Amino acid sequence: MRRTFAALAIAVIVAASVLFTVERHWRGRGYTPIIVDAPDLWSLQRAKATSAPNAIVFLGASRTLYAIDRDTVRSRLPQYEPVMLAMDGRYPLATLRDLAADANFRGTVICDIDGAGFAAPSLDMQKPEVDFYRHEFSPSRAAHRLMLNHWQLDAVIARSDFSMLRSAVRWWSDEGAPFHPYQWLDRRRFGHIDFERGDKESQKRELARNLERFGGHLPRIPFAEWWPQVEAANGWVRTIQSRGGDVIFYASPTSGQRRWAEEDWFPRNEYWDRMVAATTAKTLFALDVPTLRDFPLPDDSHVDYRQKPAYTHALIDALIDRGLLQSDGGK
Amino acid sequence: MTFDSLTFVVFFIAVVAMFNLPSLSWSARKNVLLAASFLFYGAWNPPFLLLLIASATVDWWLALRMSAARPTQRKPWLILSLCANLGLLGFFKYGDFLRANTQSLLALAGIDWQPAAFDILLPVGISFYTFQSLSYCIDVYRGDVRVQKSLRDYVLFVGFFPQLVAGPIVRYRDFSAQLHTPRRTTADGFALGLSLLLIGLFEKIVLADSIFAPVADPVFQIGATIDSAAAWTGTIAFAGQIFCDFAGYSTCAIGCAAMLGFWLPNNFRSPYAATGFSDFWRRWHISLSTWLRDYLYLPLGGNRGGGLFTMRNLMLTMLLGGLWHGAAWTFVAWGAFHGLMLVVERLARPTIDRASRVLGSVGTLLGGLITLLGVLIAWVWFRAPDFAHAAQIHHAMLLPTDTSANLSAEAKIALIVFSLMWLMHWLWRHHDLRRWLRRRGAVALGFIWASLIVSIVLSPGVSRAFIYFQF
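Protein sequence lines correspond, in order, to chains H and R. Taking the working numbering, the leading residue of the first sequence gets 5, the next gets one more, and so forth. Taking the working numbering, the leading residue of the second sequence gets 177, the next gets one more, and so forth.
Hints in this document: simulated from the structure, not taken from any laboratory. Treat the hints loosely; a few may be bogus.
As the list claims (entries may be wrong) - Counterexamples of contact, computed for chain R against chain H with all Cβ distances above 12 Å: (1) PHE195; (2) TRP202; (3) GLY218; (4) GLN279; (5) ARG318; (6) ASP329; (7) HIS356; (8) ILE418; (9) ARG480; (10) MET491; (11) GLU521; (12) THR577.
Unchecked claim - Lysine to any residue pairs mimicking SDA-like chemistry, simulated, CA-CA at most 25 Å apart: (13) LYS131/H <-> LEU298/R; (14) LYS52/H <-> LEU297/R; (15) LYS52/H <-> SER465/R; (16) LYS131/H <-> ALA400/R; (17) LYS131/H <-> ASP393/R; (18) LYS131/H <-> ASP562/R; (19) LYS588/R <-> PHE166/H; (20) LYS588/R <-> ARG170/H; (21) LYS588/R <-> MET168/H; (22) LYS588/R <-> VAL173/H; (23) LYS131/H <-> THR401/R; (24) LYS588/R <-> SER177/H; (25) LYS588/R <-> TRP176/H; (26) LYS131/H <-> LYS588/R; (27) LYS588/R <-> LYS52/H; (28) LYS588/R <-> SER167/H; (29) LYS52/H <-> LEU182/R; (30) LYS251/R <-> SER326/R; (31) LYS131/H <-> ILE398/R; (32) LYS588/R <-> ARG174/H; (33) LYS52/H <-> TRP220/R; (34) LYS588/R <-> ALA172/H; (35) LYS131/H <-> TRP220/R; (36) LYS588/R <-> ASP165/H; (37) LYS52/H <-> VAL186/R; (38) LYS131/H <-> LEU297/R; (39) LYS131/H <-> ASN221/R; (40) LYS588/R <-> GLU179/H.
Remember, it's a predicted structure, so these values are computed and weren't measured experimentally. Heads up, the beta-carbon is just placed ideally off N, CA and C, and yes, glycines get one too.
Isolated chain H (complex conformation) (with noise of 0.2 Å):
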C-alpha cells in the first residue's frame, strides 16, 4: 500500500512541475490556448443541426467560418439556434448533401458558396468530417471532446505544434518557433481573424501569384461540367424544403483584385445566375447590396473579428429586408 501510495504521489509531483514548466516556457514566448478544430468538434455542431429544430446552420468555408457573430445572431434572432459547420479553405454541398439525406434536419440553412464552390472538384471537400460524423462519432467521443474542449482552453500544451514530436522535428529540421496564429475558434466553432496579427498581404499576394501562373486568368471550368452539381444540389435543397427546411445560396462578398478574379473565373451571368434561375433555394448575392458590396475585407476576402458583428448585422438585414429570413420567429 505505501508503495502504491507514494510512486503516486511522485508520479503526480514530477509529472504536474514538468508540464508546468513547460507550459510556462511556452507562455512565456507569447503563445495563448485555442481551440484546435477536428473531425470530433465538427460533429458536436453537425448533431446539433439535427437535435435542434429551429436551427440556423452555417455552411460554407473560411469566409463563413470567420465571419459570423454568434452573440449578434442569437440577438437578432432569438428564435434560431445557430449552427456553425462551415471550413476552412472546403466547399460546402457535401455537408448540403448529408443534411438533405437526414430526415430530421428541419433547419434553415445559410449555405455560402460561389461558382467555384459548384465544381465538381469541389463536391466533396466536407465529405471527410460528413462520413467521421456518420461512422465514427459517438456519445464517447461526444463527450471526451467536450471535455478536451476545457483541456484546450486552458493549456497551450494542448495544441500539438507544442508537441515532443513536433518539437525534436523543428530541432532536428533547425525550424524557428511554432506559428503564431492569427485565426482560431471558440468552442462553438465560430472563428475569428485578427488581422492586425496576420499577414493580409500574403493572400493577396497568392492569388497575384495563381493569375500570374495562369497568365492573368484564372482557368475556366466549362459550364456543361459544372451544371451537373447544380442540379443535384437543387435536388437537396427539395428534400430540405419538402420537411419544412429552407436553404439559401448566398454568394458572400469580396474586394479589390479578389473580386475581379472571381467574376473573371466564374462570370455571374453564365453561372450564378443561371443556377438562380434554376434551383427552389432563395438566394443573395452580396455584391447587390450596398453594405456588404462595401465591406472592409483586409485581405480582400476575410473579415477582421472586431467587425463581426457589423458583418453579421449587414447579412441578417439584406436577408430580412429581402423576405428570405423573418425576424419574428417564422422562417
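Given chain H's structure and the hints, the job is docking chain R onto it.
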C-alpha cells in the same frame, strides 16, 4: 469508448470507485462491472449493445442445452452455436465481401448481376466476442469446462469491458474461477495495472499515433508516389504502428483488469524478436494464435497425419487467420504468406537447427533479422488498400529505385524509434513485463509513471481509432 479518451478516464475512475464500495456484495460488484461494460460498449453505438447481449444469451442457452444433453446428442447444439456465431460474423463482416466476389464470379461467367450494396456497419469487436463465445460452446461440447448457469456471469465473461472490443480473446476456463472468487482492487494490483495502462497509452498515443502513423499513412494512400526509401520507411513505420496500436490496446486491457483485481492473459511477447515464423506466432496476438491452434489447427488434425497433411492444416489455419483480420483478399494473401513461411520453416527445420548449432548466437540474431524481414514484407499486404498498391510497394522495396527526396525528419525519427523498439524486443525476449514491474520500488515506479504521463500529455494530435477495432 476508447482507452485513449478523456471519457474513459472519467468512466474508469467511477467504475473503480463503485466496484470497491465496501457495502457491496460480490454479486452486486459483478452487476457494477456488467453495467459498466454495457455503458462502455453502448457508448459507441447503442443498438449494437443489443446484438452483443443477444449473441451472448443465445450461446449461454445453447451451452445449457448442450450440457443437459447426453454426450452423443450434443452435436446439434454445437452446430447451432457455430451457425449462430459464424452467421453473425458472416453477415456483418463478410456480407459485402461475399456479395462483391459473387458478382465478380458471375461477371466472369457473363452474367451481369447488380445487387444493392449492403452498406452494413461493422459492430465494434464482433470478431473478438464471437470467438470468445464460440470457444466456450466448443469447450462445453468437449466437456472441458462446466457450464455457466448464471446468464449475468456469462454475459460478463463475454462483455467484460477491458477486453471486449479488441482482446485478448479470453478463454472461459481462465475467467470462470475469477467470476466465482470475490475480487477487489489491491494496492499491488492497482500499481501493476496503472503501470500497464500507462505503458499501453504510451504505445498507442505517443508511438503509434504520433510517431509511426504519420510516416506510414501517406505511403499506403492510393495514388502515393513511392520510391525505395519511402516504401521501406512506410513499411517499417507501419510495423511499428500496428504493434504499438494493438499491443498498446492489449496492455491497457490487461492493466485495467488488474486494477479491478482480474487477470487477463498476455497477448504479445516481444514479437519482433522472434527467431522464426512459428516463434513469431507464439509472440504475436497470442490469444488468437492459440485459439486458432486449439479450435482449428488441432481439430483439422494438426501435425498428426504426416508432412503434406500438416502443411495443408497450417495453410488452412493461416488463410482463415488472415481472413479473420478483414474481409479482403489482401488479408488472405497476408495469411497465405505467413502459412507458406511456416511450411518452409517446417521443411527447413533440420537445416535451421544445424545452422543454429554452428553459428550460435550469431545464428539466432540472423534468424531474428530474417524473420523480421519476412514479417515486414507481409505487413505490406496487410496494410495496402489493394494488390496493385502492395505490388508497387514490394517492387520499390525489392528493386531499388532512384531516391531523389531526402527522408523527412519525421521519417528519420520513426526509423530511430523502431530500431530502439526492436532492440528492446530483442533484449526482453525472455522477460516478463508484469514480473519486472512488480519488482520496481516506489521511486522507480513513480518516475516511470511520471515519464509516461508527461510523454502522453505532450503528444496531442490526431486521435486515430485502434486499428484492430475494425476486425
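Here is what the structure says about each hint:
The beta carbon of PHE195/R is kept farther than 12 Å from every beta carbon of chain H, the shortest such distance being approximately 17 Å. TRP202/R, annotated as away from the interface, keeps every beta carbon of chain H farther than 12 Å; the closest lies near 22 Å. Against chain H, the non-interface label of GLY218/R is violated: not every CB pair exceeds 12 Å, the least being about 8 Å. In this structure GLN279/R is separated from chain H by more than 12 Å, as the shortest Cβ-Cβ distance comes to about 23 Å.
At roughly 38 Å, the least C-beta separation between ARG318/R and chain H is larger than 12 Å, which holds for a residue marked as non-interface. At the 12 Å boundary, the C-beta of ASP329/R stays outside the reach of chain H, the nearest C-beta of that chain being 26 Å off. For HIS356/R, the requirement that its beta carbon stay farther than 12 Å from each beta carbon of chain H is met, with the minimum near 26 Å. Every Cβ of chain H is farther than 12 Å from the Cβ of ILE418/R; the closest lies at roughly 19 Å, confirming the non-interface assignment.
The non-interface label for ARG480/R is consistent with chain H: the shortest C-beta to C-beta separation is roughly 46 Å, beyond 12 Å. Non-interface call for MET491/R relative to chain H: holds, since the shortest CB-CB distance, roughly 35 Å, exceeds 12 Å. Every C-beta of chain H lies more than 12 Å from that of GLU521/R, the closest at about 38 Å, which supports listing it as non-interface. THR577/R, annotated as away from the interface, keeps every beta carbon of chain H farther than 12 Å; the closest lies near 25 Å.
With a C-alpha separation of about 20 Å, the suggested pairing of LYS131/H with LEU298/R holds against the 25 Å cut-off. This hinted pair checks out: LYS52/H and LEU297/R have alpha carbons roughly 23 Å apart, not beyond 25 Å. A hinted pair counts as satisfied when its Cα atoms are at most 25 Å apart, and LYS52/H with SER465/R does not qualify at roughly 45 Å. Using a Cα cut-off of 25 Å, the hinted pair LYS131/H and ALA400/R holds, with the two alpha carbons roughly 20 Å apart.
A C-alpha spacing of about 19 Å is found between LYS131/H and ASP393/R, which places the hinted pair at or below 25 Å, so the restraint holds. Proposed proximity of LYS131/H and ASP562/R is supported: the alpha carbons are some 22 Å apart, at most 25 Å. Between the alpha carbons of LYS588/R and PHE166/H the distance comes to roughly 19 Å, so the proposed pair stays at or under 25 Å and holds. In summary, the hint linking LYS588/R to ARG170/H is supported, as the alpha carbons are separated by about 13 Å, within the 25 Å threshold.
Under the criterion of a C-alpha separation no larger than 25 Å, the hint pairing LYS588/R with MET168/H is consistent with the structure, at around 15 Å. A distance of roughly 9 Å separates the Cα atoms of LYS588/R and VAL173/H; the hinted pair therefore holds under the 25 Å criterion. At roughly 24 Å between alpha-carbon atoms, LYS131/H and THR401/R fall within 25 Å of each other, so this suggested pair holds. Only pairs whose Cα atoms come within 25 Å are accepted, and LYS588/R paired with SER177/H is accepted, the gap being roughly 11 Å.
At roughly 10 Å between alpha-carbon atoms, LYS588/R and TRP176/H fall within 25 Å of each other, so this suggested pair holds. Distance hint between LYS131/H and LYS588/R is unfulfilled; the C-alpha atoms sit about 32 Å from each other, more than 25 Å. A C-alpha spacing of about 43 Å is found between LYS588/R and LYS52/H, which places the hinted pair above 25 Å, so the restraint is violated. Between LYS588/R and SER167/H, the direct Cα distance comes to roughly 17 Å. Compliance with the 25 Å bound is thereby established for this hinted pair.
Annotation: proposed proximity of LYS52/H to LEU182/R holds, straight-line Cα distance about 21 Å (limit 25 Å). About 23 Å separates the Cα atoms of LYS251/R and SER326/R, which keeps this hinted pair within 25 Å; it holds. A C-alpha spacing of about 17 Å is found between LYS131/H and ILE398/R, which places the hinted pair at or below 25 Å, so the restraint holds. A C-alpha spacing of about 13 Å is found between LYS588/R and ARG174/H, which places the hinted pair at or below 25 Å, so the restraint holds.
Among the hinted pairs, LYS52/H with TRP220/R is consistent with the structure: their alpha-carbon atoms are about 18 Å apart, no more than 25 Å. Using a Cα cut-off of 25 Å, the hinted pair LYS588/R and ALA172/H holds, with the two alpha carbons roughly 11 Å apart. Only pairs whose Cα atoms come within 25 Å are accepted, and LYS131/H paired with TRP220/R is accepted, the gap being roughly 21 Å. The suggested pairing of LYS588/R with ASP165/H holds, with an alpha-carbon distance near 19 Å, which does not exceed 25 Å.
Of the supplied pair hints, the one linking LYS52/H and VAL186/R holds, its CA atoms being roughly 24 Å apart against a limit of 25 Å. Distance hint between LYS131/H and LEU297/R is fulfilled; the C-alpha atoms sit about 18 Å from each other, no more than 25 Å. Restraint check for LYS131/H and ASN221/R: satisfied, since their Cα atoms lie roughly 21 Å apart, inside the 25 Å limit. Simply put, LYS588/R and GLU179/H have alpha-carbon atoms about 16 Å apart, close enough for the 25 Å limit, and the pair holds.
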